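Sequence order for the protein chains is E and U.
For the first sequence, the UniProt record's numbering assigns the number 1 to the initial residue and increments by one for each residue that follows.
For the second sequence, the UniProt record's numbering assigns the number 1 to the initial residue and increments by one for each residue that follows.
In short, the hints are calculated from the structure, not lab data.
Here the structure is a predicted model, which means the values were calculated and not measured.
Treat each hint with caution, since some may be false.
You can't tell identical chains apart in this list, so a pair holds if it fits in one copy or across any two.
Unchecked claim - Pairs of lysine to any residue, SDA-like flavour, derived with a Cα cap of 25 Å:
#, residue 1, residue 2
1, Lys203, Glu179
2, Lys151, Ser359
3, Lys96, Asp230
4, Lys181, Gly206
5, Lys76, Ala344
6, Lys181, Gly98
7, Lys203, Ser149
8, Lys151, Gln287
9, Lys96, Thr208
10, Lys203, Gly98
Number of protein chains: 2
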Amino acid sequence: MKSTIYYGPHDVRVEERPIPTIKNPGDLIIRVVRTCVCGSDLWPYRSQDANSAGTPIGHESIGVVTEIGADVTAAKPGDFVIVPFPISCGECAACKAGFESSCLNGGYFGGAESEGCQSEYLHVPHADGTVVNVSEALAAGDIPGAPASPKDFTDEMLSDLLTLSDVMGTGYHAAVSAEVKPGYTAVVFGDGAVGLCGVLSAKLLGATRIIAMSRHEDRAAIAREFGATDIVPERDDAAVARVMELTGSGADAVLECVGSAQSFNTALRVGRPGAVIGRVGLPHGVQIPADATFYRNIGIKGGPAPVRTYARQRLLREVLAGNIHPGRVFTKTYALDEVPQAYADMDARRVIKALVKVSEVEG
Amino acid sequence: MKSTIYYGPHDVRVEERPIPTIKNPGDLIIRVVRTCVCGSDLWPYRSQDANSAGTPIGHESIGVVTEIGADVTAAKPGDFVIVPFPISCGECAACKAGFESSCLNGGYFGGAESEGCQSEYLHVPHADGTVVNVSEALAAGDIPGAPASPKDFTDEMLSDLLTLSDVMGTGYHAAVSAEVKPGYTAVVFGDGAVGLCGVLSAKLLGATRIIAMSRHEDRAAIAREFGATDIVPERDDAAVARVMELTGSGADAVLECVGSAQSFNTALRVGRPGAVIGRVGLPHGVQIPADATFYRNIGIKGGPAPVRTYARQRLLREVLAGNIHPGRVFTKTYALDEVPQAYADMDARRVIKALVKVSEVEG
């Protein structure tokens with residue numbers, strides 16, 4: 001099969017690898033239907049994070065189960081599933097508390113110890129704790145407006161579903177962590193796919209004013225479509241001044257979807273006392289001042305998003321019912337062979353998020 | 001009147017000062033009935049914080065209103081009130097959001113710019129946003145078991161009410177910030193009055209297992225009375241190991257009621273993934289690691305406690321109904337002239353919290 005392998009800065013290659021097989025009775029294998037490139041894949045691509053040459057890459061996928069281990073009960077061959085970016089055992093304290101993205105026995109796809117999702121097939125360990133079974137959700141028949149079966153999925157629906165493997169669940173984690181409530185004003189840092197999904201999530205949770213920090217017109221346009229009421233292109237002091245001008249004394253909730261020191265430092269300054277910063281951007285050089293946050297009662301919450309929990313709680317129904325279209329963050333579609341170009345285009349900000357069409361639902 | 005003034009390390013004095021008068025139409029004056037010494041007063045007393053010589057000290061009091069400014073509607077002369085430690089305007093974004101302890105126009109009692117509570121009378125600015133009117137709560141007549149009027153308050157009730165000016169509300173803020181929920185296991189750092197009130201608060205919020213970190217038998221006894229199920233005397237690595245032994249993979253909620261680097265660093269390590277550290281100890285040398293907290297989805301929330309909000313939401317009713325007795329943290333009673341001895345006794349840990357009897361409800 002074809003699989004994407006990371007070799008070094010600006011060097012990812014699609015290579016021939018063996019089709020994966022069941023290794024443990026809790027595993028399953030999927031034929032990948034759609035995958036994509038993540039903003040966080042760009043950290044090693046830009047060599048801001050260390051990855052070894054020869055490491056599989058990619059952690060977002062949806063597809064059809066081809067084979068299951070003897071112990072798997074979460075899905076059967078032929079089922080359409082979402083494979084969230086975290087591998088989670090389903091049994092530990094983290095998984096039981098709904099934080100399976102910090103599983104004590106798991107890991108993440110696309111790394112030295114797991115396979116990458118930018119491939120034709122994917123080996124999924126701990127299947128019962130990891131996958132979201134879409135076929136099963138449809139079979140329950142209680143979602144108004146949902147397609148009858150996965151073979152009826154449009155390209156748009158497939159894109160929307162794919163975002164539940166990471167970016168939509170991650171944006172939602174930013175909003176939940178920031179404790180967005182109805183009537184709130186929220187500020188969203190990051191106009192990449194996650195930040196845009198953060199805007200959509202703040203809207204879902206009832207924010208009535210949503211300030212998106214963006215200086216790219218294509219991204220700002222999607223932010224507005226997702227519910228942003230104000231676009232702020234300024235950075236640093238000027239950004240703080242602008243948010244204060246818009247809000248009076250700071251926003252009720254702050255979503256930090258970048259992870260850079262610059263973004264985080266600005267995020268720390270735009271919330272009103274008692275605001276919580278919901279952070280989902282992988283931290284790079286971030287410092288959290290213990291005193292300044294204390295006296296203003298500023299909370300810091302977040303981390304890798306428990307996207308499976310959110311999909312099962314709410315987001316899968318919202319997507320299947322056609323209520324939200326987070327797949328709008330995909331602005332260009334590539335074939336699997338074209339993944340290196342997809343990276344280059346995302347790196348250069350020519351596309352917001354690159355969709356990779358690997359196969360169709362029926363093969 | 002007599003008033004306690006800070007002069008330097010281990011030097012507080014009770015001196016004669018003029019009885020305060022109304023300065024602005026929003027002010028009121030109380031005759032202090034009870035006040036006390038706070039663990040946070042010990043920071044300057046031990047010269048770990050800088051306070052100028054000649055600064056009034058003390059920020060916890062209850063008493064009877066003697067005079068009000070023309071604009072005050074929250075209380076009238078003769079009313080019995082709690083004066084929380086924060087001065088809060090009641091109008092800003094912080095106050096409106098229920099975080100009046102981070103008021104944008106306020107401050108705290110016992111400092112260079114306000115009067116101290118360890119006095120016979122106290123000047124209260126921003127009275128409408130600051131005081132909790134106990135007489136008014138009683139007059140509503142809907143609290144089962146409550147005394148008919150303040151003149152019926154026992155010494156025990158007065159002690160319980162006094163804790164609502166700071167320590168009980170602060171312990172409650174730790175528990176609320178740590179997001180304690182029914183059935184949770186909570187770990188409480190700090191066996192001073194605030195930590196003990198944190199134990200009581202975790203119990204109020206439904207925690208079923210409460211681990212109190214304490215190595216002092218007198219404090220551990222009160223912790224048990226307040227709901228602690230386990231006492232852990234260890235510190236640092238040994239404390240982490242013990243909590244892990246008791247909980248399996250860490251506690252669901254962590255209350256940090258000390259503020260030292262040692263306590264905070266241990267607190268960071270004893271929560272399960274997704275746990276929130278509710279911190280109320282004034283930070284002294286605390287560092288918050290941005291990466292380690294991120295990958296484990298550890299939240300950090302808290303700050304100066306909005307004790308007025310909590311008193312009005314729930315705690316005043318619980319005290320007036322006799323459901324809780326946070327005043328048990330007072331282990332010795334002093335006259336106002338004896339305040340220097342009260343500091344010395346708290347500093348030496350001879351008492352947990354020093355109560356100061358200034359006058360009686362009826363004068």
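Against the structure, the hints come out as follows:
1. For a Cα distance limit of 25 Å, the shortest separation of Lys203 from Glu179 qualifies both inside one copy, at 12 Å, and across copies, at 24 Å.
2. Proximity of Lys151 and Ser359 under a CA criterion of 25 Å is satisfied intra-copy only: 12 Å inside one chain copy versus 80 Å between copies.
3. For the identical chains of this complex, Lys96 and Asp230 are inter-copy neighbours only, at 23 Å across copies versus 38 Å inside a copy, given an alpha-carbon limit of 25 Å.
4. Both within a single protomer and between protomers do Lys181 and Gly206 lie at most 25 Å apart by alpha-carbon distance, with minima of 6 Å and 24 Å respectively.
5. Within a single copy, Lys76 and Ala344 get their C-alpha atoms no closer than 37 Å, and across copies no closer than 71 Å, so neither meets the 25 Å cut-off.
6. Taking CA atoms no more than 25 Å apart as the test, Lys181 paired with Gly98 passes in both settings, with 20 Å inside one copy and 14 Å between copies.
7. With identical chains, the CA atoms of Lys203 and Ser149 are never at most 25 Å apart, being 29 Å at best within one copy and 48 Å at best between copies.
8. In this assembly of identical chains, the alpha carbons of Lys151 and Gln287 never lie at most 25 Å apart, being 48 Å within a copy and 53 Å across copies at closest.
9. In this homomeric assembly, Lys96 and Thr208 come within 25 Å of each other (Cα to Cα) only across copies, at 17 Å, whereas the closest approach inside a single copy is 33 Å.
10. For the identical chains of this complex, Lys203 and Gly98 are neighbours both inside a copy (22 Å) and across copies (23 Å), given an alpha-carbon limit of 25 Å.
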